[in-house]
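All chains, full assembly: derive it from the sequences and hints.
Here is how the chains run, residue by residue.
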Amino acid sequence: MSRFLFVTLPLTGHIYPTGAIGQALADRGHDVAWVGSQARLRPLIGQGAEVFGTGMRPYRGQADTKLASVRSLWESFVVPFAKFTLPSVEEAVRAYRPDVLIVDQHALAGAVVAERHGVLWATMASSSMEITRPYRDRPKIEAWIGGLMARVWAAAGMPGEPPDLRFSPHLVIALTSRELTGGLEFPDHFALVGPAIGARPPAAPFPWEWLDAGRAHVLVTVGTMAENNATDSTNFYARAVEALRPLGDKVQGIVIAPADVIPDPPDHIMVATKVPLLDLMPRLDVVVCHGGLNTVCEALINAVPLVIAPLTRDQPINAAQVVAAGAGVRVNFDRVRPAELRAAIEHVLGDPAYREAAARVRDSFAQAGGAAEAAARLERLAASGTR
Amino acid sequence: MSVPSVSVPSVSVPSVPVTPDPDLIAELAGLLLEVTGEDGAWAAAVTAQSRLELDLKLDSVEVAALAVALREAYGDAADLERLLVSLEIDELLALTVGDLARYVAGAAERGAGAA
Numbered sequence: 001m002s003r004f005l006f007v008t009l010p011l012t013g014h015i016y017p018t019g020a021i022g023q024a025l026a027d028r029g030h031d032v033a034w035v036g037s038q039a040r041l042r043p044l045i046g047q048g049a050e051v052f053g054t055g056m057r058p059y060r061g062q063a064d065t066k067l068a069s070v071r072s073l074w075e076s077f078v079v080p081f082a083k084f085t086l087p088s089v090e091e092a093v094r095a096y097r098p099d100v101l102i103v104d105q106h107a108l109a110g111a112v113v114a115e116r117h118g119v120l121w122a123t124m125a126s127s128s129m130e131i132t133r134p135y136r137d138r139p140k141i142e143a144w145i146g147g148l149m150a151r152v153w154a155a156a157g158m159p160g161e162p163p164d165l166r167f168s169p170h171l172v173i174a175l176t177s178r179e180l181t182g183g184l185e186f187p188d189h190f191a192l193v194g195p196a197i198g199a200r201p202p203a204a205p206f207p208w209e210w211l212d213a214g215r216a217h218v219l220v221t222v223g224t225m226a227e228n229n230a231t232d233s234t235n236f237y238a239r240a241v242e243a244l245r246p247l248g249d250k251v252q253g254i255v256i257a258p259a260d261v262i263p264d265p266p267d268h269i270m271v272a273t274k275v276p277l278l279d280l281m282p283r284l285d286v287v288v289c290h291g292g293l294n295t296v297c298e299a300l301i302n303a304v305p306l307v308i309a310p311l312t313r314d315q316p317i318n319a320a321q322v323v324a325a326g327a328g329v330r331v332n333f334d335r336v337r338p339a340e341l342r343a344a345i346e347h348v349l350g351d352p353a354y355r356e357a358a359a360r361v362r363d364s365f366a367q368a369g370g371a372a373e374a375a376a377r378l379e380r381l382a383a384s385g386t387r
Numbered sequence: 388m389s390v391p392s393v394s395v396p397s398v399s400v401p402s403v404p405v406t407p408d409p410d411l412i413a414e415l416a417g418l419l420l421e422v423t424g425e426d427g428a429w430a431a432a433v434t435a436q437s438r439l440e441l442d443l444k445l446d447s448v449e450v451a452a453l454a455v456a457l458r459e460a461y462g463d464a465a466d467l468e469r470l471l472v473s474l475e476i477d478e479l480l481a482l483t484v485g486d487l488a489r490y491v492a493g494a495a496e497r498g499a500g501a502a
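Which chain is which? The protein sequence lines are A and B, in order. 1 is the number of the first residue of the first sequence in the working numbering; add one for each residue after it. 388 is the number of the first residue of the second sequence in the working numbering; add one for each residue after it.
Please note that the accuracy of each hint is not assured.
[Unchecked claim] No more than 20 Å apart at the CA atoms, straight line, and that leaves these computed lysine to aspartate or glutamate pairs for EDC-like:
| # | chain 1 | residue 1 | chain 2 | residue 2 |
| --- | --- | --- | --- | --- |
| 1 | A | 274 | A | 264 |
| 2 | B | 444 | A | 340 |
| 3 | A | 140 | A | 75 |
| 4 | A | 140 | B | 477 |
| 5 | A | 274 | A | 285 |
| 6 | A | 250 | A | 346 |
| 7 | A | 250 | A | 285 |
| 8 | B | 444 | B | 486 |
| 9 | A | 140 | B | 466 |
| 10 | A | 140 | A | 164 |
| 11 | A | 250 | A | 340 |
| 12 | A | 140 | B | 468 |
| 13 | B | 444 | B | 477 |
| 14 | B | 444 | B | 421 |
| 15 | A | 250 | A | 209 |
| 16 | B | 444 | B | 414 |
| 17 | A | 140 | B | 478 |
| 18 | A | 140 | B | 475 |
| 19 | A | 83 | A | 164 |
| 20 | A | 250 | A | 267 |
| 21 | A | 140 | B | 440 |
| 22 | A | 274 | A | 209 |
| 23 | B | 444 | A | 334 |
| 24 | A | 140 | B | 486 |
| 25 | A | 250 | A | 351 |
| 26 | A | 250 | A | 212 |
| 27 | B | 444 | B | 468 |
Simulated from the structure, these hints should not be mistaken for laboratory data.
Written as structure tokens, this is what we have:
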């Protein structure tokens, strides 16, 4: 039996998979704990979990997109967050004495502490931001990221140049599969396990009788982080509703949006702040979304094809992967017009090849093993002993 | 350790601000219109000061299409990828249509010099 400690970021999409993998480790008889924001962790992984709190500082909401979002992610979040959480992570490691630290790819404090104390550590890549090395053709961006990691390393009092704190030399768990990453080659210590989906808190109620079996069902969501982008100047929600408006005879739309964004939706469009997404997914025909890895994988695991309007961070990468896999199409979030969005939705609805490709990705996820495979790889790492 | 030196033509945007040719800006606006699928009003609002990402909201697919369009219009020396590789992240974000125009104009000279 081994002891595992997750070092987390206060982001929903990054915390859920740690809950699933933590449960799989516990099922195999291991001890598991988390270090991170108590307020964010508890509601997502359960009240019974052992949590070492880091406290929580407010970070500016994600308003930037594309490359600007990469700059703000690193400068306004990853670096300050690493410095802020370093003492709590040190303290948690001292108190819990883990055999393995499981470090979110952007929770750099975990990597620094592991290196400082000679603890085995694994990287948890819950986004596609780094795993496909999107800036391998932009050496100056890579060098800039390297400089920021060196700053975190030096601020922690560590000597010399840091290793790449985004990639553990022991084990990198990536929540994707080769059907999505395409032709890229990965070293043996990279485990592409697919999505890690576990038990979730009781789902929101949903009027299942509203769903008409004679019509196709299209979900529109921009995930947990992009709501501001979708309601502000670009008004993506309104464009999505206009896209669906003339399709009432063959489509029912479910739009996840803040209350009162869409004041008077037509009868065939339901606007809700929360839906039981995992229960709803098997009933859907197309998901229109921002391309966050969780939403993308939750759709694909149900063989539901996608229309992706990526905004920020890893979303353009996910969109490109889905398009390359044949499981969906991509539109420009900022400027897609209702007619173009409608055409994209009808195109994906009308061509069974998209659902067939989505089913291939689903099968590749099943083969990748999910949370159970992640737990098995972590167990093997712990058993490999002291470094 | 010595670093092997490779002779590469400079790809930096001239530090002395050169007013870009308005006709060239209009041409580039036309290429941007093609790669974005926007309308004429959008293209008319494109100026030398428009930043590719922050103002015009070009995504990576559109940037790739723009690279192809520039090469077709101005020859192999108008190598957008080469320009992008040379820039720091802040410079990439600050890159404007005027910068592109200067790069394209410089490429024309380099192309003529090589011929």
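Give me the numbers of the hints this structure contradicts, sorted from smallest to largest. none
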